[in-house]
Amino acid sequence: MAKVTIDNIEIEVPDGTTILQAARMIGERNKADRHVVPPTMCYYSKLKTSGGYCRTCIVKVTKGSEKDPRPMPKPVASCRTNVMDGMVVENTINADLIESRKSVTEFLLINHPLDCPICDQAGECHLQDLSYENGKEASRYQFERRTFDPIDIGETIKLHMTRCILCYRCVKVAEQITDGRVHGVINRGDVSEISTYIQEAIDNDFSGNVIDVCPVGALTDKTFRFASRVWFTQPLDAHRDCPKCSGKTVLWMKGEEVLRVTGRKDQWGEVEEFICNTCRFETKDKAAWTIEGPRKIDRHSVISQGHYERKLQQKLLDKAAPDAPSIEPFNIADR
Amino acid sequence: MGRKLLFEHITKPGIQGLEGYRANGGYRSVEKALKTMSPEAVVEEVKKSGLRGRGGAGFPTGMKWSFLAKPPGVPRHIVCNADESEPGTFKDRYLMERIPHLLVEGMITSGFALGAESGYIYIRGEYFYVHRILERAIAEAYAAGWLGKNILGSGFDFDLHMHIGAGAYICGEETALLESLEGKRGNPRIKPPFPAVKGLYDRPTVVNNVETIAAVVPIVNDGGEEYAKIGVGKSTGTKLISAGGNIKRPGVYEIELGITCDEFLNSDEYCGGIEGRALKAVVPGGSSVPIIPGELFLKTAAGETRLMTYESLSDGGFATGSMLGSGGFYAYNDAQCIVRSTWNHARFYHHESCGQCSPCREGTGWMEKLLHRIENGHGHMEDIDLLWDIQRRIEGNTICPLGDAAAWPVASAIRHFRDEFEYHVKYPTKVKDPDHFAKEPFKRELKASYA
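Line by line, the protein sequences are chains A and B. Mapping the first sequence onto my numbering, position 222 (from 1) lands on 222, and the numbers just tick up by one. Mapping the second sequence onto my numbering, position 116 (from 1) lands on 116, and the numbers just tick up by one.
For reference, chain B alone in the conformation it holds in the complex (with noise of 0.2 Å):
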């Protein structure tokens, strides 16, 4: 059995309220925060445990908190991403779900640590009912003195407010969300001025995915060296990852950073092995990283196993890796066509784009239309080098990360599957049929190579 730290205590009884909560040890990061700890002394044992964004992008959290500006006089705020969109990812919900006050928790002690004057935690439409839950976890707080002026008598005010989303992909994108969480139209923000300098209302502020500032609480109390021990290299501590697709045991888990990917994916205290079949393909952090085939999940294209981490996943690049992302894992078995799964990525991606740039805006809408036709059989041979060069177009010129995000599925699903949709194209009855692939199983006829 891993280590469990933000899970530890999810299956007592009673641990959605806030007595329940406080006796199983709740509330303790914010006693000994602002009672024994100076906030620079927060912010270094953070910087000390190693913790990484858990957002997806994998940013040192303890270096984004040292770029946040300082001017006197400007008060600065901590802003919750829990606007979690990305197709596969499910995690935060469980979390919010589940233990609330682990959330209200960690954004108090990360609000003291930065010198924040309020929080914000901006939700998702789709998570209605979650809302609710955070809402009456704050009251329970602000009733206890956890929250507003004066807590535990330290001198430190803070306040804190929920948002909900209207159902915006684009809203997670950080920039996007603070002119949301301000009233306009959620559309990103030219960079720089980064956040950091320039955010909610022109104010410094740092915006954190749920899952790293509920990370914030073990870190505070057990002290950051000790949360470094778990994991391997930069990769440390414990992350949350919500499984999915054709496995055993579909589920949240926290597993330790550093296990192999083996280990995750067949053993029976996570995903308990492929439903029936045998693995084709997996996505391992959320539809937005590259696809790889099963074997290169396993091992690295050097041979190395490889291990469930930032270092370890990404090895090899784009050619033969892929991204820890946001932890949203699935995986194919090869009853699965990837040109549909990946109509239905391009699907996603064209319906969310916020049309502020123009590659994004008309890019992902033509490669829908593309992979559409090649899916239902009337392909053509140019139109898979013409979706390799519209992806490639698309990444890398956009103005955030949702043309890279919109261009990385495809990109990956044409370099290790080409022959899928070569067989897509040749042979247009059978395909015709949407389940094509159950009944008679891909046979690769040789290794898709394209540089």
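If we strip away everything but chain A, and leave its shape as in the complex, we get (with noise of 0.2 Å):
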């Protein structure tokens, strides 16, 4: 076991465990301490090797563990350092620390759309909740952005490039949940761009899960594209048996009609089980599944600006007895 201090807030955590993951179990522990926890755009908990490489999770250490008290000269991305005994580490109350980490989101928007208007994505798109935590107010580039054309890799699946912001998980998704990767990184620089071997379509039965680890709108689904913001579709639990998969998976509902499956994610944006596409694209009929009851949306709030999961239980209530009182309105205090 190893002792840890984030933001002066003391937790003992097992050796091998990161400083992110530290911070999040601290973030579990009590909410109210949810601050302390860095934001991650290329970590994935649930994928090997991910994470280093979009730099939003730099924290500073100050004092390297109880043997070697040293602080390290550079910040450090929390996702792929190791905790030590007695280790001492700065996020939110590092005033320059938090200066770089709005650099690192300019950095990351400067070649981005901000097409949001028209983005599959908007409304659970990690890059937004990251420029509106942790963003500068204006931007201060003034130069052509970058941008490629839109291509298809495959029957289900679109790549936007230009809204990508290379933080690898889909080539890990396809190293590690798929067999063959038929896709990667091309290029070098800021013109690197993920693509597939010559038009080569990604097609396996678990390449669907690309389009959730992407923390951008860069890989959508083809089968939603356009179909509804989803602040305006409802979230089910729902689950069906599956001979590929789990089949536990959230269901996006507006009024009778299932707009799109995803895996179900957890506080942190990520989902806890990948998913088949046979569940995620084939199986959009309501009748297929068992539903469990809606979806707990905990980290996206827009998506709960719609009350969804009031209104749902009402529904559920009004059917059950119809005369029992209305549930409490929603109060985002509980969040």
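Source of the hints: derived by calculation from the structure; they are not laboratory data. For glycine and all other residues, C-beta sits at the position ideal for the given N, C-alpha and C. Hints are supplied without guarantee of correctness; some may be wrong.
What the hints assert, rightly or not - Just so you have them, the derived chain B footprint on chain A, three or more residues with Cβ under 8 Å:
1) 67 to 79
2) 106 to 117
3) 150 to 161
4) 169 to 180
5) 187 to 196
Claimed, not checked - Over the 12 Å line for every Cβ pair with chain B, so calculated as not near, a few chain A residues:
6) M1
7) T56
8) R264
Could you use the hints to bring the two separately framed chains together as a complex?
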């Protein structure tokens, strides 16, 4: 066990835990401490060797460990740095670090198209969250942005490279979840892009997961494109017997219609279990699913703004006991 | 005349071939090490010599070697970094081209010291003709029994392979080099683990510069203490400097560390002084080290004479000092425009960024665009502060040192030559002509200061 202090909050964690995981443990222990958790764009706890690229999760280590108390000279990526016993970490209490993170956000945004009004990811986009929480008021970038043509990389997936922030998550999914990776990063520097090998299509049973792990709107679901804004849809936990995957999904409903199916994302915006393409793209009939109840969306509060949870519970309650009193209005302080 | 250790026989006829090299005392270090010394004793000699990495960072080589993990049953590797791609540096090319067996000899001796099973020379793609010279040298060494199984009957087996890069600056970073050597995309790895623990094919690996490995030969031949007698303080031995720019005698020079900067720049043995005009600025160690004004190169901020050593050149930190770096020395006369040169550097780093982590991927391009705008007379005063802010946020926030390398030239140019940037903004019509300072040299109005 190692004792680590993050922003003056102490926690004891097993050896081999990263600083980021320790911070998330603090956030899970007490919701009031959630602010110490660094934002992440490229790290994904379910994918090995992910993280370290986007630099949004950087923290300052002011004391290396009990044995070697020297501070680390540069900010470190918290997602790839293991804790040591007695380590002291500064995140939100270090003004210079906050400035650095703002700059990283600015760097990520200078070539991002900011086409949120026509982007399917808007409302559940990690880059929107990041720039809302850590961004500057305005960009200082005055030059033309880098653009790419959108390309089809298969029957069901659309790639908008212009929106990509090169987090490498989809590459790791292809490497670790599916059999045989056919896409990767080509070129280098600020013209590097995600692409398949000479227009080859991504075609295997778990390829749809690249959509779930994409933090921005670079990889989107072609069966859901332009169908609705996410905050007008209502997420329901549902499951079915699936021979390929666990079958535990979230249905995004508009009325009685299933607009799209995704994996279940936890409070850090990461899927709990990867799902197969049959569940995701082909099972859009509500009757095929067993409904469990409304999905609690923890992180992307804009979806909660439609008060779908209360409405859905009310609807279920109305059916069961029409005379019961109404549920208390949704309270944002509970989140 | 300073002592020459690496270039002692470089002008002798036939030195490129094995016969000529042997005739001038070649492969003595292999004989000495394999027949009379233990691997630990060789490492000990290198430690005693105080040899520091010649690739740029100046990390003590003996210490690096002693960090190498030695788990039983796991083969170890030694990799020679011949991906010499720092702008302004061409010392390794000269060494490999003229005296290839020195590198081969150094690899065998170093490989013996580290207990390595095989060695790799990773050479940049642009040095294709050098690759052929080295291949020939390696074939000669195999034929004469210096490489292969049971060298000199000592039971030590060592194989040496060449690998050609595809022309990427980033593959000079040791972990990106290892990725590239494994056949993957040349992206730097996230450290730790360091190559000494998990390097090539996840095995313990030492990566050293060409000159470092070549320097092991005289260290083993004459002993580490003899080597340490040359130099000042912690900068021992000789160093190859590739000199260029507005000097009278450009070329590759082997200097004894510890000669004064004034001697190096102005004596006829080395650079021979500045061509025609007055000295304006100096980059002492390759494009990524800070540029400093001529007067700060010759004398430190405290007024002491500056020496060609690791410590003296970095005296004063980045505020008034620079670094010895990889030894890519170049000087500017007062006809040169610092903004143009900085833009040129920024363009290089933009082109060579690998695109893995965001500050460098996005920041280098942004800096290049801003510098292009200022140099061509479309800049604003705010752009200078913006540039300062961008470089400050790239530095230290990236995975590999390329981010720092991209930030330092811009930072130092603004720090020391801010008035020249302001001149470009104030007089846009004057700077339209690319040779603007050749006709009317820039006069400093006041000493620039920027904290």
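Inset, instruction - Examine the region 106 to 117 of chain A for residues whose CB is less than 8 Å from any CB of chain B, and state whether their number is three or more. - result: holds (count 4)
Subject >> Annotated coverage of the region 67 to 79 of chain A by chain B, confirmed only when three residues or more have a Cβ within 8 Å >> reply: holds (count 4)
- Separation of A/M1 from chain B, once the least beta-carbon distance is taken, above 12 Å: holds (21 Å)
Closest CB-CB distance from A/T56 to chain B, is it above 12 Å?
violated (8 Å)
### Query
Are there three or more residues in the region 150 to 161 of chain A whose C-beta lies within less than 8 Å of some C-beta in chain B?
violated (count 0)
* A/R264: least C-beta distance to chain B exceeds 12 Å? -> holds (29 Å)
Is the coverage entry for the region 187 to 196 of chain A by chain B consistent with the three-residue Cβ rule at 8 Å? With 6 residues closer than 8 Å to chain B, the region 187 to 196 of chain A meets the three-residue bar; holds.
Within the assertion that chain B covers the region 169 to 180 of chain A, do at least three residues meet a Cβ-to-Cβ distance smaller than 8 Å? Violated - the region 169 to 180 of chain A has 0 residues with a Cβ nearer than 8 Å to chain B, which falls short of three.
Checked against the numbered hints above, the structure violates hints 3, 4, 7; every other hint is satisfied.
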